[in-house]
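Undergrad: Given the sequences, and given the hints that come with them, work out the whole structure.
Sequential numbering from 95 applies to the sequence shown in this note's numbering.
Keep in mind the hints are simulated off the structure, nothing from the lab. One thing to keep in mind: the hints can contain errors.
Derived lysine-lysine pairs resembling PhoX-like cross-links, with alpha carbons at most 20 angstroms apart [what the hints assert, rightly or not]:
#	residue 1	residue 2
1	K108	K155
2	K209	K198
3	K155	K219
4	K108	K198
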Amino acid sequence: MAFTDELIAFLDQKMIARLATIDDAGYPHVVPLWYLRDGDDLVIMSDRETRKVHNARARAKGAIQIGGDPGAGQSGYLFQGDLVVEDDPDHFWTAAITRRYETKARADQLLEEWKDDDTVIIRLKVRKTVRVY
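TA: Here is the structure:
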């Protein structure tokens, strides 16, 4: 699915996203996180052993909701699609996402702390977009 110019401008803002996966019992597991747009995909970072990574590997359908918070005066979007877990061996995506949200000094500090972490990314290949208010 190709993002419109309006969606690209929206996604390129620094906002907190919420990733929804489905756990082993069939319940939604929703977590707040940072994200980055990569073309028409949404990319998040995670330690390999987290619940969200487990869920994404076990059930590759998920959603990311961004914006639309009450009182924020701005609508938001729900992005539904297929989740793909990918290695991030050189921490390329981890660095890109961290630098998007943090100052250079803070990003450098965090990346130094995380340099030996087993980091992966979860890529949402967007299939459907729904505007939410």
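Undergrad: Against this structure, judge whether each hint is valid.
TA: For each hint, the structure was consulted:
With a C-alpha separation of about 24 angstroms, the suggested pair K108 and K155 falls outside the 20 angstroms cut-off, and the hint is violated. This hinted pair checks out: K209 and K198 have alpha carbons roughly 16 angstroms apart, not beyond 20 angstroms. Distance hint between K155 and K219 is fulfilled; the C-alpha atoms sit about 10 angstroms from each other, no more than 20 angstroms. Proposed proximity of K108 and K198 is supported: the alpha carbons are some 15 angstroms apart, at most 20 angstroms.
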